[in-house]
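S.K.: Here is what each chain is made of, one letter per residue.
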Amino acid sequence: MKIEVLGTGCSKCVALEAVVKQAISKSGKFVQLEKVDDIMKIMEYQVVSTPGLVIDGTVVSTGKLLTVDEVLALMNK
Amino acid sequence: MWKESVDYLIYDLLKLEGHLGEAINFFIYDTFKIWFLLITIIFAVSYLRTHFNTEYVRAHLQGKSQLYGNVLAALFGIITPFCSCSAIPLFLGFIQARIPIGVTFSFLISSPMNNEIAIALLFGLFGWKVTAIYIGFGLLVAIVGGYIIGRLNMEKYVLMDVKPMQGELEEVKITLSMKERAKEAYTYTREIFKDIYIYVIIGVGIGAVIHGYIPADFIAKYAGAENPFAVLVAVIMGIPMYSNAAGVMPLVEVLTGKGMLLGTALSFMMAVTALSLPEAMILKKILHIRLIATFFGIVGLGIIAIGYLFNFIL
Numbered sequence: 001m002k003i004e005v006l007g008t009g010c011s012k013c014v015a016l017e018a019v020v021k022q023a024i025s026k027s028g029k030f031v032q033l034e035k036v037d038d039i040m041k042i043m044e045y046q047v048v049s050t051p052g053l054v055i056d057g058t059v060v061s062t063g064k065l066l067t068v069d070e071v072l073a074l075m076n077k
Numbered sequence: 078m079w080k081e082s083v084d085y086l087i088y089d090l091l092k093l094e095g096h097l098g099e100a101i102n103f104f105i106y107d108t109f110k111i112w113f114l115l116i117t118i119i120f121a122v123s124y125l126r127t128h129f130n131t132e133y134v135r136a137h138l139q140g141k142s143q144l145y146g147n148v149l150a151a152l153f154g155i156i157t158p159f160c161s162c163s164a165i166p167l168f169l170g171f172i173q174a175r176i177p178i179g180v181t182f183s184f185l186i187s188s189p190m191n192n193e194i195a196i197a198l199l200f201g202l203f204g205w206k207v208t209a210i211y212i213g214f215g216l217l218v219a220i221v222g223g224y225i226i227g228r229l230n231m232e233k234y235v236l237m238d239v240k241p242m243q244g245e246l247e248e249v250k251i252t253l254s255m256k257e258r259a260k261e262a263y264t265y266t267r268e269i270f271k272d273i274y275i276y277v278i279i280g281v282g283i284g285a286v287i288h289g290y291i292p293a294d295f296i297a298k299y300a301g302a303e304n305p306f307a308v309l310v311a312v313i314m315g316i317p318m319y320s321n322a323a324g325v326m327p328l329v330e331v332l333t334g335k336g337m338l339l340g341t342a343l344s345f346m347m348a349v350t351a352l353s354l355p356e357a358m359i360l361k362k363i364l365h366i367r368l369i370a371t372f373f374g375i376v377g378l379g380i381i382a383i384g385y386l387f388n389f390i391l
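Chains L and D, in that order, are what the protein sequence lines are. Mapped onto the numbering used here, the consecutive letters of the first sequence carry residue numbers 1 to 77. Mapped onto the numbering used here, the consecutive letters of the second sequence carry residue numbers 78 to 391.
If a hint is listed, it holds; no wrong ones were tucked in.
Heads up, simulated BS3-like pairs for lysine-lysine below, C-alpha to C-alpha not over 25 angstroms straight-line:
id : chain 1 : residue 1 : chain 2 : residue 2
1  : D       : Lys233    : L       : Lys41
2  : L       : Lys35     : D       : Lys362
3  : L       : Lys35     : L       : Lys12
4  : L       : Lys41     : D       : Lys361
5  : L       : Lys12     : D       : Lys271
6  : L       : Lys41     : D       : Lys362
7  : L       : Lys35     : L       : Lys77
In case anyone wonders, no lab produced these hints; they're calculated from the structure.
Full structure from sequences and hints, please.
M.R.: Structure, rendered in structure tokens:
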């Protein structure tokens with residue numbers, strides 16, 4: 001599984017990355033985590049409100065700081 | 078009912094009188110009233126908002142004609158949340174979708190101006206009429222301002238080269254159940270409230286002192302009809318106060334009660350929400366200073382004109 005956090009360095013984006021890290025360790029799964037801060041790459045995902053969350057190439061959330069449980073739920077979908 | 082309870086507490090139980098009693102009464106009454114209103118309205122607005130996101134707005138603005146696009150963008154600004162930290166992806170993303178920059182600016186002006194905190198406070202403190210005037214004229218500034226910027230051919234002042242995409246946009250589809258929406262609205266409301274409750278206390282606190290101690294003719298002299306530059310000064314003072322809308326609005330309520338003209342108050346509140354220095358600093362990374370100055374200039378002039386217009390007719 002591959003998770004990408006899209007964000008250009010705003011406080012919410014940093015916070016979301018931390019939340020995702022917690023969710024990954026809680027899930028016990030093997031996950032490749034990547035922080036995407038290149039604005040051009042973010043736009044390739046058609047995301048215009050950061051932070052964005054991408055799981056296996058699919059955008060699952062935009063413009064929101066999720067909780068650990070919410071990220072876990074999205075990972076198990 | 079709340080008013081009577083506070084009156085009973087202050088005047089009958091604690092037996093406070095005079096200026097001090099009035100100031101404390103005002104402080105308790107207003108703080109809790111505003112807290113209650115903020116929580117209800119922000120919850121309602123953020124629940125509604127789970128149906129729209131910025132990606133949705135972008136897909137719907139694509140390919141619209143100039144003026145119609147401006148109107149639509151300004152209207153979308155009411156319901157979409159805006160955080161100045163997303164200003165860059167938003168701006169570039171709109172260009173990528175071939176949305177003219179004038180339409181993008183209509184959205185950029187309307188969205189922070191019609192933010193849920195400002196609307197909740199306006200509604201609670203000034204009633205629906207002033208709220209409607211604020212939103213109506215806010216939209217007008219956003220539509221006209223965006224339209225003018227669009228007419229000035231300023232695309233060359235966007236400093237980043239974005240390749241416009243071909244064809245229609247695919248919508249980013251994120252579906253949620255009603256329970257998930259309610260939960261999201263609850264989380265959002267809690268976050269916002271945690272950030273701003275202290276500003277409400279500070280704003281109402283200063284307001285209470287003014288309410289109890291400072292005579293009306295003092296305010297009227299500096300912020301009322303006797304001062305022809307009041308609107309201008311109010312707009313300039315409003316620019317650095319963006320994040321403090323929650324504290325500023327209760328203060329404005331007291332000042333209008335003491336003789337500050339409504340037009341001046343409207344201009345001040347619009348300047349607080351629509352002209353934000355942090356947002357300008359962020360946009361400076363991708364926009365030439367000339368474009369930002371034009372944006373601030375047009376919005377500033379629009380807001381000042383509205384202030385004088387209202388002071389004149391009301």
